[in-house]
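Asks: Sequence lines, in order, name chains A and B.
Numbering of the first sequence is given in the numbering used here, commencing with residue 2 and proceeding in unit increments.
Numbering of the second sequence is given in the numbering used here, commencing with residue 4 and proceeding in unit increments.
One should not assume that every hint holds.
To be verified - Here are the simulated PhoX-like pairs of lysine-lysine, each with C-alpha atoms no more than 25 angstroms apart in a straight line:
no.	chain 1	residue 1	chain 2	residue 2
1	A	K215	B	K147
2	B	K231	B	K38
3	A	K171	B	K35
4	A	K171	A	K215
5	B	K200	A	K168
6	B	K147	A	K171
7	A	K215	B	K150
8	A	K168	A	K215
9	B	K150	B	K140
10	A	K214	B	K25
11	B	K25	B	K35
12	B	K38	B	K22
13	A	K8	B	K38
14	B	K200	A	K8
15	B	K132	A	K168
16	B	K140	A	K214
17	A	K171	B	K22
18	A	K214	B	K150
19	B	K150	A	K171
Simulated from the structure, these hints should not be mistaken for lab results.
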Amino acid sequence: MNEYENKIHRWGRLSTSLAIVLFLSFPLFVSIYYNAWPGWGPFLSGLLGVAPIFWVVGAIEAFTFGPMLGSGGSYLGFVTGNLTNLKVPAALNAMQSMGVEPNTEEGDVVCTIAVAVSSIVTTLVLIVGMLLLAPLQPILQSPVLSPAFDNILPALFGALAVVFISKNWKIALSPLILMLVLFIAVPSLSSAVSILVPVGAIFTLCISRLLYKKGMI
Amino acid sequence: MAAIIIGYVLFQSIFFLLKAWKHARVIGLNMKRLKRAAGATAIFTIAPAISIILGMITLSKFLGLPLPWLRLSVLGALTYELPAASTAASVMGISLSDTVTSPNVYSAITWVMTVGILSGIVIITLFLKRMQSGMFKLRQKDEKWGKIFMDSLFLGMISAFLGMIFSDIRSGITGWIPVVIMLLSAMIMLVCGYFVKHRNVKWLENYAMPISMLSAMALSIPVSFLMKGGM
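Using the sequences and the hints, build the whole thing.
Replies: Following this line, the structure appears as structure tokens:
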């Protein structure tokens, strides 16, 4: 690792640790301010409902998106959140249009810039959204606009798919078939898509390894 | 309090942006193209960010504004916050449709939602460096496989979401709406690709993605209307 990489990791670890402390200070502040401590019972039973799924999802996301986003991009992306619906597609698109590869120095820099820009814009949009909530709410929630927001993921992944499938249709074929069969057979899986991302990733890796060993890709 | 945390994260983003920007110049990236790519990323972000505001509105009915604002600006994601809040609420025997008024319940929910999401960020803080050097080594050892490895990860993710788009098709014609929107977005992307490659419209390369996404979202309004049997 070169000097830039080492620096990014040092800053990344430091700033992310500080972010974790700050995040924890919010419930702490609420508890102290209202003098309302939840008590271990409600806290643990609530956590038991949330943690088994979300800790696993979070861990899987870390190991799936960590390599995709590179160093600076990952530290920022995991602090700012909204990875699958925003940061990862933004980084992929930026790398694509710059013609750089992930896990190279160039890719790392481009990812960091994409994730940072995307985080800044999201934060600003949300600040505006919060300040103007009263006048904005009826417009945003109007029935005319609702199909547009309901279909944001199809609109995003349709375009993204064209780029990546056309580049590697041989790799894409088997996971696509698997996912189509899975989701059409078990529609309720759509609420568990974050679990199926790593399933898809690992399945694709295995198939790719086979194809690669046989010299087909 | 929420504002302080959001301010900190904003500062962190700007800090990394400046560092990466400086380094981009050092390693000789095309700064003009990079500027355009950054601009395209900003435009691309706006529509999903607005959909996040919608999530904020939904959650604020239950939790008030500060917590949803904080969680959706940093750390959280739409896909996490709604299920996490509803799970926490149901464990405590309250409904998501009522505003939380009891300080005890509110504080319990903030604790659960905070601790419940920390695994990813903790792992990244502790292990990213090791993960990254592993990926670099993989790439050095076998460059071609390293590239296929990354493409497989991306395609695994994209396939999962493409599959999800089809999950409603058995519910009748309205279930096909997302599929149609996805195809429209893909077609617009193909048209953009044609202009970039064969007509040499270079600026379009960066904006093809936001253009396809926003046009498909706009088209979803008449498409949904038609497919839901309006006229």
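Asks: Under the criterion that the straight-line Cα-Cα distance not exceed 25 angstroms, is the pair K8(A), K38(B) satisfied?
Replies: Holds, because 24 angstroms separates the two Cα atoms, which is no more than 25 angstroms.
Asks: Are the Cα atoms of K168(A) and K215(A) separated by 25 angstroms or less?
Replies: Roughly 19 angstroms separates the two Cα atoms, so the pair holds.
Asks: Tell me if the straight-line CA distance from K200(B) to K168(A) falls inside 25 angstroms.
Replies: 14 angstroms, holds
Asks: Against the 25 angstroms threshold, does the CA-CA distance of K150(B) and K171(A) hold or violate the hint?
Replies: 14 angstroms, holds
Asks: Is the hinted pair K214(A) and K150(B) satisfied, with a Cα-Cα distance of at most 25 angstroms?
Replies: 14 angstroms, holds
Asks: Next pair to validate is K171(A) with K22(B); report whether the Cα-Cα distance is within 25 angstroms.
Replies: 38 angstroms, violated
Asks: Compare the distance between the alpha carbons of K150(B) and K140(B) with 25 angstroms, and conclude whether the hinted pair is satisfied.
Replies: 12 angstroms, holds
Asks: Holds or violated: K200(B) and K8(A), Cα atoms, limit 25 angstroms.
Replies: 38 angstroms, violated
Asks: Given the proposed pairing of K215(A) with K150(B), does the C-alpha separation stay at or below 25 angstroms?
Replies: 17 angstroms, holds
Asks: Given the hinted pair K214(A) and K25(B), is their alpha-carbon gap at most 25 angstroms?
Replies: Roughly 40 angstroms between the alpha carbons, so the hint for K214(A) and K25(B) is violated.
Asks: Please verify whether K231(B) and K38(B) have alpha carbons no more than 25 angstroms apart.
Replies: 42 angstroms, violated
Asks: When you check the alpha-carbon spacing of K215(A) and K147(B), does it fall within 25 angstroms?
Replies: 14 angstroms, holds
Hints 2, 3, 10, 14, 15, 17 from the list above are not met by this structure, while the remaining hints are.
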